[in-house]
Amino acid sequence: MTFSSLQLSCFFAMDDLLRAVKATKDIKDDIPSQIEEGLYLGSLEAANNKTLLKSLNITHILTVASSFPPAYPNDFTYKTLDVHDRADVNIAQYFDDCFGFINEAKRTGSVLVHCFAGRSRSATVVVAYLMKTHGMRSSKALNLVKSKRSVVAPNAGFILQLQSYEKSLPGIGARTDSWWQFAFGSWLRFS
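Take 1 as the starting number for the sequence shown in the working numbering and just add one per residue.
Keep in mind that the hints were calculated from the coordinates and are not lab data.
A hint or two may mislead.
Said to hold, decoys possible - In silico DSBU-like cross-links for lysine-lysine, where the CA-CA straight-line distance does not exceed 30 Å:
#1 132 to 106
#2 79 to 140
#3 54 to 146
#4 148 to 106
#5 132 to 146
#6 106 to 50
#7 79 to 146
#8 54 to 132
#9 50 to 79
#10 167 to 106
#11 167 to 132
#12 140 to 167
#13 148 to 132
#14 54 to 79
#15 146 to 167
#16 146 to 50
#17 106 to 140
#18 106 to 146
Between the sequences and the hints, there should be enough to build the whole structure, so can you do that?
Take a look at the structure:
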């Protein structure tokens, strides 16, 4: 059975809608979650909470979603990426651009990275950022982000891209868990 591009487009549009409805039911928040010094993750509601953003010294807002224009263009520095929350979207192509924006923001203030619910797209960017800047494996970075924001749940395609990205990072992708367990497990037994 094959599907036409129109059928696939309708399927993905419906999937986007269902994920958005579920996210809206699961989380109603306007408070961003601090992931580390100068880096916050949140929802569209958080991005519209101007008073709180100012109190957190957030100077930059990275929007990783489609169709959300800047709410306060005179008050914050924005970067907006038109990204859909679908497994077939190549979110990894935006990582370096996002990391540059995040680093620029952290030099002068703080940054909020958000999508609609702060669950999938923006969370994927934040996880990848932690992997790159702290040399973390995808699973460790994802667990850290989930510990700060429990609703985080990147879609299956984004998870695969994070795992692939991990393999491309120097010093992370080259090592294997079994080698590290062997090397450090033996060392720990003898010390």
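Comparing the hints with the structure gives:
Between residue 132 and residue 106, the direct Cα distance comes to roughly 15 Å. Compliance with the 30 Å bound is thereby established for this hinted pair. Taken as a hint, the residue 79 and residue 140 pair is honoured in the structure, with Cα atoms around 27 Å apart against an allowance of 30 Å. For the hint pairing residue 54 with residue 146, the CA-to-CA distance comes to about 24 Å; that is within 30 Å, so the pair holds. The hinted pair formed by residue 148 and residue 106 meets the criterion: a straight-line CA distance of about 19 Å does not exceed 30 Å.
For the given pair, residue 132 sits about 18 Å from residue 146 by alpha-carbon distance, which is consistent with the 30 Å threshold. This hinted pair checks out: residue 106 and residue 50 have alpha carbons roughly 18 Å apart, not beyond 30 Å. Using a Cα cut-off of 30 Å, the hinted pair residue 79 and residue 146 holds, with the two alpha carbons roughly 24 Å apart. For the hint linking residue 54 to residue 132, the alpha-carbon distance of about 28 Å falls within 30 Å, and the restraint holds.
The straight-line distance between the Cα atoms of residue 50 and residue 79 is roughly 17 Å, inside the 30 Å bound, and the hint therefore holds. The straight-line distance between the Cα atoms of residue 167 and residue 106 is roughly 26 Å, inside the 30 Å bound, and the hint therefore holds. Proximity of residue 167 to residue 132 is assessed by CA-CA distance (about 11 Å); at most 30 Å being required, the pair is judged to hold. Only pairs whose Cα atoms come within 30 Å are accepted, and residue 140 paired with residue 167 is accepted, the gap being roughly 14 Å.
Pair hint residue 148 plus residue 132 holds up; C-alpha atoms about 19 Å apart against a cutoff of 30 Å. Between the alpha carbons of residue 54 and residue 79 the distance comes to roughly 17 Å, so the proposed pair stays at or under 30 Å and holds. For the hint linking residue 146 to residue 167, the alpha-carbon distance of about 22 Å falls within 30 Å, and the restraint holds. At most 30 Å may separate the alpha-carbon atoms for a hinted pair to count; residue 146 and residue 50 meet this at roughly 24 Å.
At roughly 22 Å between alpha-carbon atoms, residue 106 and residue 140 fall within 30 Å of each other, so this suggested pair holds. Distance hint between residue 106 and residue 146 is fulfilled; the C-alpha atoms sit about 21 Å from each other, no more than 30 Å.
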